[in-house]
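Trainee: What follows is the residue order along each chain.
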Amino acid sequence: MNVYRFEFGRQLRGFLVGEAVLLGVAVLLMVGAYPIYRDAKEAVEQVLEGFPPQFAALFGVSDGMFSFGGFYRFCSLYFMLIVAIMSCAWGLSVFGRERRTKSSDFLFVMPIGRMRLYAEKLAVCLTMVAATGALFTAVMAMIYRGYGDDPTAASIPLPRILLAACSLVGVQMVFLAFGVLIAVLSRRAIGVSGTSTMVGILGFVLVSLPEMTGEDGWRLVSPFTWFNVDEALNHGRYEVGYSMLAMIVAAVCLAAAAVVYAHADVRNR
Amino acid sequence: MTGADRSDATARDGHGGEHESAIVTRHLTKRYGKARGITDVDLVVKRGEIFGFVGPNGAGKSTTIRCLLGLIRPTSGSASIFGLDSMRDRVRILENVGYLPSEVFYYEGMRARDLLAYAASFYHRDCSARIIELAQRLDLNLDQKIEDMSLGNRKKVGIVQGLLHSPKLVILDEPTSGLDPLAQRAFFDLIREENREHGVTVLFSSHILSEVQRMCDRVAIIREGRIVAVKDVAELRRSSVKRVSLVLGGCGARADGDDGTRSVGVPGASRDEHADAVSARIEEMLSGLPGVRSLTVGDSSSEDVSFLFEGDCNALLDTLAGLDLADVSITEPTLEEVFMHYYQPDASGESESSGVASDADVSTAPRGKRD
Numbered sequence: 001m002n003v004y005r006f007e008f009g010r011q012l013r014g015f016l017v018g019e020a021v022l023l024g025v026a027v028l029l030m031v032g033a034y035p036i037y038r039d040a041k042e043a044v045e046q047v048l049e050g051f052p053p054q055f056a057a058l059f060g061v062s063d064g065m066f067s068f069g070g071f072y073r074f075c076s077l078y079f080m081l082i083v084a085i086m087s088c089a090w091g092l093s094v095f096g097r098e099r100r101t102k103s104s105d106f107l108f109v110m111p112i113g114r115m116r117l118y119a120e121k122l123a124v125c126l127t128m129v130a131a132t133g134a135l136f137t138a139v140m141a142m143i144y145r146g147y148g149d150d151p152t153a154a155s156i157p158l159p160r161i162l163l164a165a166c167s168l169v170g171v172q173m174v175f176l177a178f179g180v181l182i183a184v185l186s187r188r189a190i191g192v193s194g195t196s197t198m199v200g201i202l203g204f205v206l207v208s209l210p211e212m213t214g215e216d217g218w219r220l221v222s223p224f225t226w227f228n229v230d231e232a233l234n235h236g237r238y239e240v241g242y243s244m245l246a247m248i249v250a251a252v253c254l255a256a257a258a259v260v261y262a263h264a265d266v267r268n269r
Numbered sequence: 001m002t003g004a005d006r007s008d009a010t011a012r013d014g015h016g017g018e019h020e021s022a023i024v025t026r027h028l029t030k031r032y033g034k035a036r037g038i039t040d041v042d043l044v045v046k047r048g049e050i051f052g053f054v055g056p057n058g059a060g061k062s063t064t065i066r067c068l069l070g071l072i073r074p075t076s077g078s079a080s081i082f083g084l085d086s087m088r089d090r091v092r093i094l095e096n097v098g099y100l101p102s103e104v105f106y107y108e109g110m111r112a113r114d115l116l117a118y119a120a121s122f123y124h125r126d127c128s129a130r131i132i133e134l135a136q137r138l139d140l141n142l143d144q145k146i147e148d149m150s151l152g153n154r155k156k157v158g159i160v161q162g163l164l165h166s167p168k169l170v171i172l173d174e175p176t177s178g179l180d181p182l183a184q185r186a187f188f189d190l191i192r193e194e195n196r197e198h199g200v201t202v203l204f205s206s207h208i209l210s211e212v213q214r215m216c217d218r219v220a221i222i223r224e225g226r227i228v229a230v231k232d233v234a235e236l237r238r239s240s241v242k243r244v245s246l247v248l249g250g251c252g253a254r255a256d257g258d259d260g261t262r263s264v265g266v267p268g269a270s271r272d273e274h275a276d277a278v279s280a281r282i283e284e285m286l287s288g289l290p291g292v293r294s295l296t297v298g299d300s301s302s303e304d305v306s307f308l309f310e311g312d313c314n315a316l317l318d319t320l321a322g323l324d325l326a327d328v329s330i331t332e333p334t335l336e337e338v339f340m341h342y343y344q345p346d347a348s349g350e351s352e353s354s355g356v357a358s359d360a361d362v363s364t365a366p367r368g369k370r371d
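Which chain is which? The protein sequence lines are P and Y, in order.
Position one of the first sequence corresponds to residue 1 (the UniProt record's numbering), numbered consecutively onward.
Position one of the second sequence corresponds to residue 1 (the UniProt record's numbering), numbered consecutively onward.
Where hints are given, some of them may not hold.
Unchecked claim - Calculated pairs, DSSO-like style, for lysine-lysine (alpha carbon to alpha carbon, straight line, at most 27 Å): (1) K231/Y with K242/Y; (2) K231/Y with K46/Y; (3) K102/P with K242/Y; (4) K102/P with K46/Y.
Said to hold, decoys possible - Below, a sample of chain Y positions facing chain P; criterion: calculated Cβ distance under 8 Å: (5) R36; (6) F122; (7) S245.
In short, the hints are calculated from the structure, not lab data.
Every residue gets a Cβ at the ideal spot worked out from N, C-alpha and C, and that includes glycine.
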């Protein structure tokens with residue numbers, strides 16, 4: 001577990017900063033912004049009337065955003081963007097550390113199997129994903145309890161709120177897998193923040209494809225939509241097909257990365 | 001663990017007996033696409049010896065080492081260390097191997113002490129006392145951040161890291177680059193001590209011949225990815241290649257005279273013109289002699305002539321007898337010269353791609369040179 005401890009120690013600062021950003025944004029939007037939107041419904045609706053539907057869809061704006069569930073759905077897109085960037089960055093950072101610092105020769109001449117190295121590094125990433133999911137879910141539960149007097153919030157059972165919050169774990173897993181695969185496959189050292197931001201924003205932009213085109217098929221290439229928050233809030237479940245798709249994509253990316261990590265030649269540059 | 005303990009452990013560990021070689025490669029080949037890596041490298045390094053691995057940059061030394069360490073996968077052939085396959089048994093091998101790469105890079109923001117503690121955590125033994133001992137010997141400040149260290153001090157961190165687990169085999173890839181002379185001496189003393197007192201086998205890769213000459217028992221010379229010679233260092237120096245140095249007398253080659261000798265010169269010419277003529281004549285005489293290589297003729301002030309000779313010594317003496325010599329010496333060449341001998345262009349006229357031979361040949365020829 002020495003690699004796990006080392007990697008976790010190296011990631012801890014970035015992890016805490018990321019958590020602070022995510023939870024801060026969650027509190028800011030759900031505690032600070034939601035009551036303002038709700039109380040200024042008529043004025044906001046007038047503004048939204050001027051938005052082209054496709055443009056509004058791009059930013060997740062819809063008629064239902066004046067209810068607790070609707071506003072959460074609107075905000076979840078931005079929560080997903082944040083965790084997608086964060087988790088992709090963890091994968092890139094943890095698995096690209098030796099290439100960035102040119103220290104591959106240091107680690108790979110240590111008496112430890114490459115699959116075990118991979119497993120310990122992946123365990124660090126999974127720990128951070130799990131911790132993020134647990135923290136976010138707990139914070140969302142607390143925020144939900146604070147809206148006991150809001151009928152639109154009270155109409156949604158707590159387990160559904162928690163299930164909707166768990167969508168972030170699914171998004172994190174997919175984007176973590178992307179980050180790990182990119183880090184392992186890249187022949188040169190790549191920038192963590194730039195690459196992860198690019199991947200996250202790509203995921204964000206792809207959300208609008210199904211809504212703009214009206215064709216549900218585009219959801220297949222839009223990872224944020226694989227975890228349908230509406231479905232979780234309204235029916236207490238996720239769509240099996242898309243959930244399976246997300247699991248398969250993440251598993252295939254992580255398995256491919258493991259094979260490459262274990263068998264590829266170690267470059268010293 | 002003492003050296004004797006380590007040797008005993010090696011013998012008992014079930015991987016082979018005491019007489020087993022430390023490193024064996026058989027037809028080890030690595031290709032990078034169409035680019036050459038190494039081809040059919042056959043090496044046997046005995047337990048307890050210091051084995052030199054010599055060749056210019058790009059010859060294949062590091063590729064061979066990286067195959068041995070399981071860092072890269074051979075295209076064909078096999079490599080084993082202590083009887084264990086370098087790829088299949090990589091983890092067991094690395095428990096007993098210390099490695100110092102030619103360039104040392106570490107994680108950012110770490111003190112040497114933390115980095116070495118992390119390295120030590122991979123071995124199933126307490127290395128803390130050994131780290132302190134090695135750091136003291138090399139005068140290394142363990143509390144300094146590695147990124148703030150000079151190249152030499154980073155190299156010292158690499159040395160400590162390579163030796164902290166008391167390995168049975170140490171692989172050094174151009175280890176002295178960046179080390180000042182004092183640190184080099186301390187390093188060489190340390191390696192010799194590991195070898196003599198603890199029976200540690202050392203694979204010493206370098207293109208600095210004097211280092212290899214000082215340190216090694218045997219040496220393999222690699223050229224363009226192939227091993228061209230594996231010899232004892234002493235044997236290499238005793239080879240038939242000789243360094244011949246001549247100090248010419250006043251008039252160089254003799255003219256045919258009453259005593260049957262010949263003299264070369266230009267009557268009435270200035271001293272410089274005379275020296276030029278002598279040089280040209282000597283070059284002509286010696287370059288016609290089979291086995292003369294790296295011929296250099298000194299300037300007019302010294303009139304020294306030097307060349308490597310590998311051939312019929314009677315023919316050499318006959319030719320020298322025709323010269324007016326103030327002094328002559330026939331000595332063993334330095335390892336550098338022997339090395340260069342192996343890097344001469346092929347007799348077939350194949351072009352020399354290493355560039356090593358040409359570098360050496362021009363460096364010592366102020367006026368005239370012929371190969």
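Trainee: Look at each hint and say if it fits the structure.
Mentor: Now the hints, each set against the structure:
1. K231/Y with K242/Y: 17 Å, holds
2. K231/Y with K46/Y: 13 Å, holds
3. K102/P with K242/Y: Given that 27 Å is the threshold and the Cα spacing comes to 45 Å, the pair is violated.
4. K102/P with K46/Y: 32 Å, violated
5. R36: Violated, about 15 Å.
6. F122: 4 Å, holds
7. S245: 43 Å, violated
Violated hints for the displayed structure, listed by number in ascending order: 3, 4, 5, 7.
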